[in-house]
Each structure stands twice: as structure tokens, then as C-alpha cells.
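S.K.: So the chains spell out like this:
2 protein chains.
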Amino acid sequence: MDDKTGPTDYANPGDRDLFLKAARENVTLGVDRLKKMMPQCAFGELGTCCILCYMGPCRIDPFDNGPKLGVCGASPDVIVARNFLRAATGGASSHAGHARELALLLHEIAEGKAPGYAVRDEAKLLSVAARLGIRTDGRTVNAVAGDVARKALEDFARQDGRPMNWIRARAPRKEYEKWERLGLLVSNAHNEIETAMHRTSMGNDADPQNLWVASLRMGMVDNFSGLMPATDLSDIIFGTPGPKVVSANYAVIKEGSVNIACHGHNPIMASKLAEWADKIEEEARGAGADGINVVGVCCIGNELATRFGAGYAGHLAQAELFLMTGAIDAMVVDMQCIWPGLVEIAKCHKTRFITTVPFVRNPDAIHVEFDPAMADDRAREILRHGIAAFKERKAAKVRVQIPDASAKMLTGISVEALVSVLSAVNAEDPLAPIVDALASGDILGAVGVVGCPNPKLRYTSMTERMAAELLRNNVLIVTTGCVNHILAQAGFLTGEGTLKYAGEKLKKVLTALGNAAGLGAPLPPVLHMGSCVDNSRIYDLLAALAGRIGIEISQLPVAGSAPEFITEKAISIGSFFLAAGILVHVAPPPRVFGSPFAIGLLTEKLPSITGGKVLVETDPSRAAAGILSHIRSKRQAQRLPLP
Amino acid sequence: MDDKTGPTDYANPGDRDLFLKAARENVTLGVDRLKKMMPQCAFGELGTCCILCYMGPCRIDPFDNGPKLGVCGASPDVIVARNFLRAATGGASSHAGHARELALLLHEIAEGKAPGYAVRDEAKLLSVAARLGIRTDGRTVNAVAGDVARKALEDFARQDGRPMNWIRARAPRKEYEKWERLGLLVSNAHNEIETAMHRTSMGNDADPQNLWVASLRMGMVDNFSGLMPATDLSDIIFGTPGPKVVSANYAVIKEGSVNIACHGHNPIMASKLAEWADKIEEEARGAGADGINVVGVCCIGNELATRFGAGYAGHLAQAELFLMTGAIDAMVVDMQCIWPGLVEIAKCHKTRFITTVPFVRNPDAIHVEFDPAMADDRAREILRHGIAAFKERKAAKVRVQIPDASAKMLTGISVEALVSVLSAVNAEDPLAPIVDALASGDILGAVGVVGCPNPKLRYTSMTERMAAELLRNNVLIVTTGCVNHILAQAGFLTGEGTLKYAGEKLKKVLTALGNAAGLGAPLPPVLHMGSCVDNSRIYDLLAALAGRIGIEISQLPVAGSAPEFITEKAISIGSFFLAAGILVHVAPPPRVFGSPFAIGLLTEKLPSITGGKVLVETDPSRAAAGILSHIRSKRQAQRLPLP
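Which chain is which? The protein sequence lines are A and B, in order. End of the first sequence sits at 683 in this note's numbering; the numbers just go up one at a time, nothing left out. End of the second sequence sits at 683 in this note's numbering; the numbers just go up one at a time, nothing left out.
Quick caveat, the hints were computed from the structure, so don't treat them as lab data. Keep in mind that this is a model prediction, so the values were computed, not measured. All residues carry an ideal CB built from backbone N, CA and C; glycine is no exception. Where hints are given, some of them may not hold.
Now the in silico label distances, taken between C-beta atoms and shown as ranges [what the hints assert, rightly or not]:
id: 1; chain 1: B; residue 1: Glu323; chain 2: A; residue 2: Lys645; range: 39 to 47 Å
id: 2; chain 1: A; residue 1: Leu222; chain 2: B; residue 2: Gly173; range: 54 to 62 Å
id: 3; chain 1: B; residue 1: Arg160; chain 2: A; residue 2: Glu644; range: 49 to 57 Å
id: 4; chain 1: A; residue 1: Asp104; chain 2: B; residue 2: Arg221; range: 50 to 58 Å
Which stretches of chain B does chain A cover? Using the computed rule of at least three CB atoms under 8 Å from a CB of chain A, they are [said to hold, decoys possible]:
id: 5; segment: 288-300
id: 6; segment: 444-454
id: 7; segment: 603-613
Input sequences plus hints: build the corresponding full structure.
M.R.: Printed below as a string of C-alpha cells:
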């Protein structure tokens, strides 16, 4: 273990304090449950357990003399591929649902049925409309918005076999042609989801390769009916993020305020809480509070920070710890990554736990269904729960312990914002500084580090140590999702982070860019591009760079990494990046090791098909080494210098 | 064990002979693999294993001191409900896919793009159109057909929240109102599938009740976007079945013929093989064969028998044994219930194994993609594979052993056909004889016995023994799916079956009906209503009976039973019948016993909500007793005599 990057350097003292508080108060946390769950089922970890019919459950141990086939005759290659596809389907369905909700909202806005919302970013609307081939001249904003929404919904409805609107509008030409050749141009996200569930049911697809192609197609669903429209439509409705510096870590909680922690993913609800927090501040004052403090946990933290500059609380595994502070008056959740165990901790601290989405409920929570048509009323209702809880907290003298842990971060680096920053250097060709630095080797390559904080790896500071190693080697990092919380709290998302972590060459580039852009400081070495769904922005950036250079995305000296992934969403996002031709590093190990076919495909065959490749590595130094080696080989193939 | 209904009475001697042949030839079958898989994973069987995120796999043992919650805090109640919903989603997606394919075909027919097909049953088209509110007067068949197809596809596309067309068109008023009250009126099958996958992914729905409601809604998807449109559209395209007597069991194979065994579910492909078998018979004669003999295995056996009178080969677990005869030249499959292990057995016997659907492949099979637009060409191509294989079989002198096991059965008992038969008794009020017999107790009640032959229970002759017990108690049985093969082979689907198995009162009723209908024999005590998707017909019959009496379906003295179920489709069908207010008996045990909530809901609470109830019982006598007790209680509630 490298001392300089050892876990203690990164461990958040706030986390430690609250773990101790939980232990003192006999509150059980996820880490405790994980410990108790050990050892975990090896069949499940290998992917060779099958519960898809009632002749099973079947399970194959590759190492003993037991059965080598399921009752139906399914091989481990088939079982693993089916399980993986179902996981990818769970992930893509989540993102599709996220985007579809936004499409429906934009449609309501266009029809004048969602008075609490409007098109905030007309420029983005026009640019998305133009890409979709929607006529814009002389038309009202709402007319164009209605067409954009309908085009989005059409990708869940068409039965004519034509590729999805969002693929046709947003895929770069080279990738489009590759996907067409490989049969990856999905037509209808919902057909694909239905067929994936169908083909994985007993007695359907028994061809591992066919099933893996379906997983790549599910990746296409994830990106083109999930991530990309989610980002595009959110930008249109809530505004495209621009650079801003926000506060992160436990210090964003203010003991004297009504603290509202939003947890989840979709800005539809949380944006209204942020808006109404100001509007009814007087009510909070009346209750003895300094005001209403809306902060974001998990991806809604990214959304609130990057779009509205709100306090950037913590990642999904810290949601428990924020509740442990005793200072959260309401935890308001929408969807995804809301651990069921949170409600118990909320109860111990007089925190009102409020669910808002009909398909994400908890029997011990307060449910306020957030109908966008009644957004203002609902936002007020929710905040008033917080105010009432604040009074109770004060009356009950709930023991509050807010760790003195604070950080700043630069956020809001959408592709549009980045281009605008870089225009300060070269207005004609904004990407030139990056392309030149990549060409010279001053930037060796770039890695999208994304995903979750997995309690299985969190104690090793897997993400921070891998990121430090990459930066030391002059690799630029862009991030989305909860990884942002991890790295922001460890100081990676500031100009000081550049001085501390970046290799000499990268430091020079980022300093020059920061100065040219008038920031008065280096650009951070880790660029915050948004929430999970904003992996679309990373893809857009790659597309722009590859397009500028005139190569395929798979030829760029770049990689993706989900160093502590948890969710099925990571499986489907990863599947997309494999389809796009990117090296995808993951930890913990994906559940494919029971299948020789999967291992061969993902590590050996796929690179010559899509260009994608999977790297599995749980050690941060070795993970960084594997990624660096890949970046170097891509540079070599492009005859770029290998400094 | 009751000697009269002991397993040896029902065991198919043909099965036994071929099991012995397989043993002699060292061919491994499903039963062998099942034996090797024992003991099966108890976590899986209890439903308390969770692989929905990468903090897991988690598993809860309710009987030890291990963890009681997953890492995220999910309780066994949540884990079980999520797993169950995913299974129901797999099943409903399969049926939705089946129906959607037919809707697309009908659309192509209407547009003149599928020259191999036509609307065969205009009366059915007009009746379905009328129920959907489609204008029919003065319009061409194709114009109406196009509208019907579009209405079917609309149920996968609408985003306006209105209930599905098929629910509005086909649900009886009393049930519609109940479902409206309970929030079970689904709007869009695909939205529902997406949301089910989303809500079961990590950190979403943590409310067991909400998740179970979603499973009931998935049942609605299964019936109203799967079963019902599948039956309606198949009837329109291939003709509504009418009564016919067909041959069943191994004797349908003819050694001297080119034997084509169709296996799967959708008549689109198999119907064309049946058609072209006659047209190119000369080619087969030229190869030295007596002709081409197309027979059906699994549900396509039901479709081919009930619609075209083709030989009714065997159930899904016999597909292996039919290959073991050595006399099958081509096994041609479309989708669902195609065990991956079949290809190995086919290889041993020079049988060409041909897949035809893009999402159901096998690396060792020949793939002939069956595009309906090219149906005739593809059908010829497939049959020629059979002819070529026949020549090889003869040349290689493949050892053939066709057991001397034969049976007859009456099939084609669609609701339309039943009403037509009963009209011979009472033309004004065709259902009167059944309603009167139910009222008097001559028919004590009726049970839909459906589903699969599960190797776990097959050796106990679970289905035959339970059916015999019900019949002895004057309960009429209607069937769909592979249960038909089981019961046909045991002689239940003939007038002689009535004489042998029916109680005295039921015998009298069936004899009178058979005579009145001019059959010259009693009606069989088990009425063959079609394939799995034709559970819609059972529901239609229940709706007609309840409507005629003026009560809710849940008040009828009836039940459903899947005594040896295997597939996720059974889970979603069962969920629908629970929503419809029916007692559903199942074996083997569903994976819910790890959840006290599920047990309470399915056995105690649900009866007072929808009227539905689950009965789990693997012993045939006790299963029959439980069903009889339910029927008696329903009679009691209606103040009907309890003979």
C-alpha cells in the first residue's frame, strides 16, 4: 500500500465521528449489515445462480463435481448472460423512467398544465430541437417544447423499427455507422425492455452471444432513452449548468436552520423545494429557525448543486450518517438509491422521512405524492413538515452532532460550460487547448470516474486512491454521480486539488486554462459534470473531442471507471460505454466470473468488435495501472508521444 | 396415497420406455439434471435471496441468528415482494411480446405487407372491433383489421393515463369498477413493465404492499396486453377454434414420414409449416417419405391441434423424449419453454434443431429467421431441412423407437364453440344448462387447471390425481397449456374420460349435453380451451357465467390451479386471477415463504380485497380438498345447495 495515498489520508473525519455516534446509540448502519452478511453467496457473486423458473433454483459451482447445467440445460454461460441482461434491464428501466417523467413534464409545460415549471433554457431547447429536426423558426417556445417532448415519448412508442429519435439526433456519425453494422440501433426503449425480460425467461434465448448483444443494446436504451434525454430535458426545464463554487460535506448542515435533505435523482421535486425554501422562510423564522436550508444527498445533491448552487451534502452511503447528525428535519426522497433502512434512523432523530413518488414508498414514511401539476402546493406542504419537525427537534432537544468537515468544489461543468470556459483561450476552436494537450501528452488521457460509494470498498478509499494515481500520471478526470461527493470531500474538485494531486504537466495545463479563463486559479483536476444521468455529458464531450480530431470515440486515449459501483444502473451505463468502444474499469467484480464465454467476450473479443473492454480490479493502484496501460496503448495506436 | 389414483395408473408407458432408452444411450435429461441439482437453495426457494445490487448478494435465513435485513436495510418482506414482481414481469413481458407480435402481423396484413396471412375469421374481427368501439359498417376487412391492430399497439404506447383499450373493451363492468377502486386499471403495458423493473431496483420501493399491488397490476398487464389480445388476434388471423377430435401422445409420430415437431407458442410460424406440409408433400415423397407430418409440442401443440387438427405430440417436459424417439427430423421452435438442453439430444439423432425468432437462439442450432413478410419462403426452407434430415436419418439408420402410446382428445372448446354446442340445448340462453347445473349442484363448481409439467412433481402424477379427485366430486375442469397434454394422454379429454372419472351427477350432465349436442357421447369432463395464452378464454367464460347470473366473478364457485407450474408466465397469469378474485392453487410452493407479509396478504387479506386467494399444496388429494372446500364456501355464500 502506498503510504501517500493510504486510506487514512482520505477518510472523512465526519464519517468516523458519526459511525462512533451510531455505535454509541446502538443504531445499525449499512456497514454493520454488510459485516453480518459475510460471507456472501459465491454462486450469486459468480452469476451462476438462476431463479428464472420453478424447476430451479439452480446453481453451478465451476469448481466442484456438482451439476454443470441447470435443470433446463442452461449452461453457466447462458445463466450469467441472462442474469447480467436482467440487471442491465433494471438499470436502463430506471433511467428510462427518469427521462420519461421529464418528457411528460415538458409536455405538460408546453400544454400549460404545469404552472410551476417553465422552459428556463431556450437556447438548449432550440439546440435539442434542431438536432431532432424540429422546425423552430417563428414558433413559440411552448410549441417547440411540445414537439421535443413528443419526440422523446415517441422513442417509447414507435413500432416501425426505425432507430430512436435520440440516437439519430445525438449519435456521432462514426458511432452511428458502427452500431448500425453491429445491430445495436435500438428502435423503441420499451420494446427492448419487454424483449429482454422475455428472452431471459425460461426456455428462450440460449445463445450467450445473442444475450450479450442484448445487454449492449440495453446500454443503448440506457443512454439514448435515459441519460441523454434526461440531461437534455432537465437542461431545458431547469437550465443548463454553468460553473459555480459550492460548499460540500457535513458543514452544509446548519444547526439553527430547518434542514431539508433531498435524496434521490430527479430535479422535478427537489428544484421546487429549493425554490420554496426562500419563499416561506418567514414561516421557518416564526418557528425559531434561522431559515430553511435545502441540501442534496446522492445524485439530487449533484442536481441541486450544479443547477442551483445548493449545499452538496453527501453520497448515498452517507445518507445514514447525515441522519445520524440529528439535525436533519426532513429527508425528502424521490427515487433510486434510497436505502429502506434510512427510515429507522430518521425515526430515532425526529426526522420526518417523506416519500414523494408513487412507486417508491416505505410503510414507515410520510407520503406526499408530488404531482408536478400541483408542484407549488406540494413543495410548501413538504417544507412545512420540515418546519414542524424543526420545532419538535428543538422541543425534544434531540442531540445534534454536526461534524466540522467542510469542502468547496467547482461544479457546473456541462459541455456547454466547458466550451465556454475554453473559448476564453481559443474562441474559434474552443476544444483546441484540450486536443493540443492530449496530442502533446501534457494531458496523457482522460478518465470518467463515476458511480457509487460501495461499503465493500469504501474503507479502502478505493476511489480517492485510484483518482490520485491517475492524476499523478497527468490523466484528467471527469466525474458524475456520488463519486463527486467522495472526491469533493477529499478536496479533488478545487484548484488546490490540482496543486496537490496533478502531475507536473497536467498541473501546467490546468493552471494555464484556469488563468486564461479568468478563474484566478487552476481548473480542478477533477471536473464535476453532474449527476449519474449526466454520464451523457461525458459521452457528449468524448463525441466532441473525437469529432474535432476526426477519429472514432474508441480511438481516444480515454477510459471509464466505476470503482465502487453498487447499482444495476451502473451495469447498464457500463454496457453503453462498452458499446461506445470505451475501456470500462469496474469494482467490485461484476457477476460474470462463472462464465468463460463472458470473460473471453468482455476482455478479448469485444475490443475488436466495438472497441470496448472490461477491466476488473479492486486494488486502486492496479486499477490505475490497468487504465494507464490502456491509455498508453490508445496513444500508441494514434502515434501520439508516450511521455 | 389413494391407490386408484396412484402414479402408476397415469404414468405414460411411452415416457418410461424413452427414459430407459436415454439411460441406455447415456443421454442426460432434465430429470437427471434435477436430481443432480438437489438439494436446491433454500434461500432461493424462500424468496429471500437478493441480487439486485452489488452490495449483495444478500440472503436472509428466517430460522437462524444471521442477518435479518439486506445491506440496504431491505426486509425479507421487501426482498420477496421485489423478486416476485420481477418474476411476474418476466411472465407478463413474455405474453405481451406474444400479443404484440400478433398485433404487428395483423397490421401488416391490413397494409397488404404479409401476403402469407389473411383475416380468416371476419366474425371474430367484427366482434372484437365492436368491443373496441371501432366503426365497422361499410368498411373493408383490412380497414377494420388495421384499426384493431392499432388499438392493440396503442396499449403499449399511450402516455395519457387512460386505461388500456383492452381493459375497457373486455373487462366486465363489475370487475372494471372493482379494479378502478383498487387502482389496478393499467394504462400502458410497457410503462408498467419499465416501472416494475425500476421500482425493484436498489433503493426504490420498500413498501411490501405497494410492491404486491404492482404484481397484481402486472397480472392485469399479462391478461389485458398479453393473453386476451393474443387470443383475439390469433382467432382473427387463424380462425376461432371449433370442436374437433385429434390424436395425441407418441403415436402421432409416423416413422415413415418427415416428422416436424413444432415447439413453442405463437401460431405465426407453425401455422405456415402445417400449411406447407401439404403443398410440398411431393418433395418428401421424392425423398422416400410417406409425407410430411407436422406435430406440436408444448403450447404450439395446443395451437396446432385446436386450430388445425394437427397431431398433439407432448408437453414441454416430453420435448426431450420426442427427440429420444430418433424419429423427429426437425424440431422447429419459436419462443418460450424451449429447454437449451434439447439441442444436444437433437444432435445425437440427426434431428435438425431450427430456431426462428431473433431473441431465441442457440449456438448449436440452425437459425432460419421467420419474417412473416416472407412466411411462405421460410416455411418451405424449414420443411426442406426436415426432408434433408429425413434422408440423413434413413441413410444413417438412426435407431428409432416410437412408443405405442396413443390417445384421442376433443379440442377446440373456445367460448364461442362452447356457446354454439350449448345452443343445441337452449338456443335462447345457451349458458342456461351450465348455470342450472351449477345452481342445482349437479356441477358442484369448475376449476381451470393450467400450466406445466414440473419434473419436481411429475413423478407423483400430481395433475392427473388432483383432476381425478375434483371430477369425482362433480367439479368440471377446463384446461389450457401443457396440462392438456398430461390429461389427454391419461384419457381425460374424451367422453370415455367422463364415464371413467366424473362423479355421478357430473356424468349425467355431460352425457345429456353430449347427446343434446349430437356428439353421440358425453362431453369430456375436461374441456380443452387452448394454449397458455387462452387462459383468456377461461376468463371470458367466467365473465360470461358471472354476467349471466348477475354476480361478480369472485362469487362464482370456481378456482384456478397450476398444479405443476414452472414458468414466470404462471406467476403473472396467477397474479391476474388473484386480481380477478379467484382462488389460485399452485405447486410447487411459490417463493414467498420467507415473507410473513406475503403469506398474510395472499392467504388472509386478499380475499377481502379482490376476492383472490392463494392455496399452496403439493399433495394432489389435499390440493383437491382445499379447492373443494373453497368451492363449497362460495356455494354457501350464494346460498346454493351443498350436495
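S.K.: None of the hints should be skipped; say for each whether it holds.
M.R.: Each hint, compared with the structure:
no.: 1; hint: Glu323/B to Lys645/A: 39 to 47 Å; result: holds, 41 Å
no.: 2; hint: Leu222/A to Gly173/B: 54 to 62 Å; result: violated, 43 Å
no.: 3; hint: Arg160/B to Glu644/A: 49 to 57 Å; result: holds, 51 Å
no.: 4; hint: Asp104/A to Arg221/B: 50 to 58 Å; result: holds, 54 Å
no.: 5; hint: 288-300; result: violated (count 0)
no.: 6; hint: 444-454; result: violated (count 0)
no.: 7; hint: 603-613; result: holds (count 6)
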